[in-house]
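Residues in the sequence shown are numbered from 1 upward in steps of one, following the numbering used here.
Don't take every hint at face value.
Unchecked claim - SDA-like mimics (lysine to any residue), calculated; alpha carbons at most 20 Å apart, straight line:
#, residue 1, residue 2
1, Lys132, Lys83
2, Lys45, Glu106
3, Lys48, Pro129
4, Lys83, Lys45
5, Lys33, Leu109
6, Lys132, Phe68
7, Lys33, Arg101
8, Lys132, Ile9
9, Lys48, Thr89
10, Lys39, Leu93
11, Lys83, Ile37
Claimed, not checked - Pairwise CB distance ranges (calculated):
#, residue 1, residue 2, range
12, Ser28, Gln120, 19 to 29 Å
13, Tyr92, Ser55, 13 to 23 Å
14, Tyr92, Ile4, 15 to 25 Å
15, Asp98, Ile9, 37 to 47 Å
16, Leu109, Asp130, 49 to 59 Å
Worth flagging that the hints you see were computed from the coordinates, not collected in a lab.
The structure presented is a predicted model; accordingly, all values stated were derived computationally and were not measured.
Heads up, the beta-carbon is just placed ideally off N, CA and C, and yes, glycines get one too.
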Amino acid sequence: MKRITLFVIVLLLLSTGVLFAQKFKNESEFYPKTFQIHKVFPHSKGYKIEFITQSHELSSFWAPIQWFDGPDNVGEIAYGIGKAYPYITFFYLNGELDHFRMYLIESPLHPSWGNLDPTQDYSAEIPSPDTKPEPSF
């Protein structure tokens with residue numbers, strides 16, 4: 001009787017381990033990091049995005065317009081309305097930034113939209129479209 005009980009316990013432990021070791025169908029390989037956007041500054045060659053980090057500091061990066069075009073785009077924009085808007089989510093795959101998605105309020109009259117100085121040249125600020133975003137958190 002003791003052998004049967006021991007066998008059943010070992011069998012249950014082994015089967016439980018197998019259940020938790022498998023990957024689930026809906027499990028994503030991406031690791032998202034989401035931040036509240038302070039302001040988005042549109043430019044003819046891209047966007048300057050200011051967001052609030054986890055330490056409540058303001059950080060920014062530039063996104064060339066080409067990052068939002070084509071099938072292999074690095075950036076996406078989704079428009080919506082709500083208390084959570086605007087925000088940005090960076091998606092990491094295998095420890096490297098894969099792509100990002102900005103959730104913006106469509107109206108340029110919203111306070112989350114800003115204006116850049118039209119007399120200043122921002123070409124040096126905008127990274128090459130062949131690079132990946134390098135936001136600092």
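If you test the structure against every hint from before, which numbers come out violated?
1, 4, 5, 8, 10, 12, 14 and 16
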